[in-house]
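Undergrad: In order, the protein sequences belong to chains S and A.
All residue numbers in the first sequence are consecutive under this note's numbering, ending with 320.
All residue numbers in the second sequence are consecutive under this note's numbering, ending with 569.
The hints are simulated quantities; they were obtained by calculation from the structure and are not laboratory data.
Please note: incorrect hints may appear among the correct ones.
Covered stretches of chain S, going by a simulated chain A footprint (3 or more residues, C-beta under 8 Å) [said to hold, decoys possible]:
#, stretch
1, 71-78
2, 195-207
In silico SDA-like cross-links for lysine to any residue, where the CA-CA straight-line distance does not exceed 25 Å [what the hints assert, rightly or not]:
#, chain 1, residue 1, chain 2, residue 2
3, S, Lys186, A, Gln431
4, A, Lys322, A, Ala429
5, A, Lys370, A, Asp470
6, S, Lys283, A, Pro543
Note that the Cβ used here is the ideal one computed from N, Cα and C, for glycine as well.
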Amino acid sequence: MAILVIAEHDNASLKAATLNAVAAAAELGKAGGGEVHVLVAGANCAAAAAEAAKLAGVAKVRVADAAHYEAQTAENVSALVVALIADNAGDYSHLVAPGTSYGKNVTPRVAALLDVAQISDVVAIESADTFQRPIYAGNALATVKSADRVKVLTVRTTAFEAAAVANEGGAAVEALTAGPDLGVAKLVGRELTKSARPELGAAKIIVSGGRGLGSGENYHKLLEPLADKLGAALGASRAAVDAGFAPNDYQVGQTGKIVAPQLYIAVGVSGAIQHLAGMKDSKVIVAINKDPEAPIFQVADYGLVGDLFEVVPQLVATVS
Amino acid sequence: MKVLVPVKRVVDYNVKVRVKSDGTGVDIANVKMSMNPFDEIAIEEAVRLKEAGIATEVVAVSCGLAACQETLRAAMAIGADRGILVETDVELQPLAVAKLLKALCGKEAPQVVICGKQAIDDDSNQTGQMLAALMGWPQATFASKLVIADGAATVTREIDGGLETLEIKLPAVVTTDLRLNEPRYATLPNIMKAKKKPLETVKPADLGVDVAPRLATLKVVEPAKRSAGVRVADVAQLVDKLKNEAKVI
Numbered sequence: 001m002a003i004l005v006i007a008e009h010d011n012a013s014l015k016a017a018t019l020n021a022v023a024a025a026a027e028l029g030k031a032g033g034g035e036v037h038v039l040v041a042g043a044n045c046a047a048a049a050a051e052a053a054k055l056a057g058v059a060k061v062r063v064a065d066a067a068h069y070e071a072q073t074a075e076n077v078s079a080l081v082v083a084l085i086a087d088n089a090g091d092y093s094h095l096v097a098p099g100t101s102y103g104k105n106v107t108p109r110v111a112a113l114l115d116v117a118q119i120s121d122v123v124a125i126e127s128a129d130t131f132q133r134p135i136y137a138g139n140a141l142a143t144v145k146s147a148d149r150v151k152v153l154t155v156r157t158t159a160f161e162a163a164a165v166a167n168e169g170g171a172a173v174e175a176l177t178a179g180p181d182l183g184v185a186k187l188v189g190r191e192l193t194k195s196a197r198p199e200l201g202a203a204k205i206i207v208s209g210g211r212g213l214g215s216g217e218n219y220h221k222l223l224e225p226l227a228d229k230l231g232a233a234l235g236a237s238r239a240a241v242d243a244g245f246a247p248n249d250y251q252v253g254q255t256g257k258i259v260a261p262q263l264y265i266a267v268g269v270s271g272a273i274q275h276l277a278g279m280k281d282s283k284v285i286v287a288i289n290k291d292p293e294a295p296i297f298q299v300a301d302y303g304l305v306g307d308l309f310e311v312v313p314q315l316v317a318t319v320s
Numbered sequence: 321m322k323v324l325v326p327v328k329r330v331v332d333y334n335v336k337v338r339v340k341s342d343g344t345g346v347d348i349a350n351v352k353m354s355m356n357p358f359d360e361i362a363i364e365e366a367v368r369l370k371e372a373g374i375a376t377e378v379v380a381v382s383c384g385l386a387a388c389q390e391t392l393r394a395a396m397a398i399g400a401d402r403g404i405l406v407e408t409d410v411e412l413q414p415l416a417v418a419k420l421l422k423a424l425c426g427k428e429a430p431q432v433v434i435c436g437k438q439a440i441d442d443d444s445n446q447t448g449q450m451l452a453a454l455m456g457w458p459q460a461t462f463a464s465k466l467v468i469a470d471g472a473a474t475v476t477r478e479i480d481g482g483l484e485t486l487e488i489k490l491p492a493v494v495t496t497d498l499r500l501n502e503p504r505y506a507t508l509p510n511i512m513k514a515k516k517k518p519l520e521t522v523k524p525a526d527l528g529v530d531v532a533p534r535l536a537t538l539k540v541v542e543p544a545k546r547s548a549g550v551r552v553a554d555v556a557q558l559v560d561k562l563k564n565e566a567k568v569i
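Chain S extracted, bound-state conformation:
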């Protein structure tokens, strides 16, 4: 019995979400799932594999290094995972992937090819076959039990602490024979938002803007100095993204990113249900809004009713 974790990485290093997925797998291991193996599929991805080998709780890293895994397309990666599970018949009782856009893209393909159900966005592990997951945009939590021979899960990264880098000696790294290149999907290009700020999913502090900012220019002019001062990531509500104030990958909410930083500062965000679903697990929430009735105040630890155009610059000046 073992648990296979699909690592998310950019060939050079692991994505932060992988650490949360490994931690969830380790918890599953303690619940009877067995040892944790990490699959790193990529091209020239030895550095990412070495990083995975150092994570607490990892017993083995299995690496498939081939040019056709460079872009990590769902088709090629899922075929590899299915073959790996079939070759080790009965060994893998669980497959775990982070509930990121990457994990959500690849994992259901694996589940379908194995003819098993997938449990998406797991937030708590009750036993080796019973899991809790949010439904209806987080307005309800369902406990589900799987009877399938392989349990396929994606885990909500904010619900599990990141695995520590604790295993200096490193777990065994084993090379796998690459699967075939299906050749049905080709990466044309990626436009990644360049930023010196922390990643939204991993940031300790997030400064988030809503429609109250009025324009993209105000969004940048007001929020960037505050984010820089606090070393924070920038986020946005769906309304602000739809209005073009901020890029789409800044969106926090049920359909965007789910975040749970130490501090979430919502500026000019009204607090629509779908936005709250994405940030209500933050440790401390601050709301700045001129409308005292805005729903965001119902979840805020500290609410400041006021004109954000005055309050935010004052805040930048006061925070040392």
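With chain S's structure known, arrange chain A on it following the hints.
TA: Coordinates of chain A only, in the frame set by chain S:
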């Protein structure tokens, strides 16, 4: 080129659902039901492909209760040419829906299946990917732009950290994200016209698919409520609280 679009009947996105007091699920009796918003975007995209002369026919499919006919009529009011209802009272999970859609793809032979990326009730985000896997087709999930030409689809996808563009061979599955398009409002004449469009009903057994659920829901509870905190008078007090009370800065 034929386009198939699965549409799901879900609790309307404006409704705040309540968990049943016996913990067996959420209360959906007498609650407004609508088409899943991501599926509405999928239908709109398919209809735009037809209007652009790329698609020749748009077929909407819904799986579930007889009431899903309303959802199919709504899809036809946006512009789908006909509807197929796979009628069953059994609770359908994503793998079962993917198998039903696979059977229909076998009969209908679409070149593109456009799905919503997730349904706003179970939030699974699985069906499109599962269908692509079962068919052995490529997929492009979370699409914000779709261009079809020369037997391939070029799809811009919303991924963590930005955008990615994939070129996939047809036939293929595409799943929609919010920014793919803004669905039109169905006009009254089109709603009337939709009532006359063909709607075929089949049963899962007719398609040879076992739809028994794989996951058992043991209980459903309300999440812990977050209570409102305090109002602060000014920035100085806010910074003081963050530093000395919450100790987060």
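Undergrad: For a quick check of understanding: which of the numbered hints are violated here, in increasing order?
TA: none
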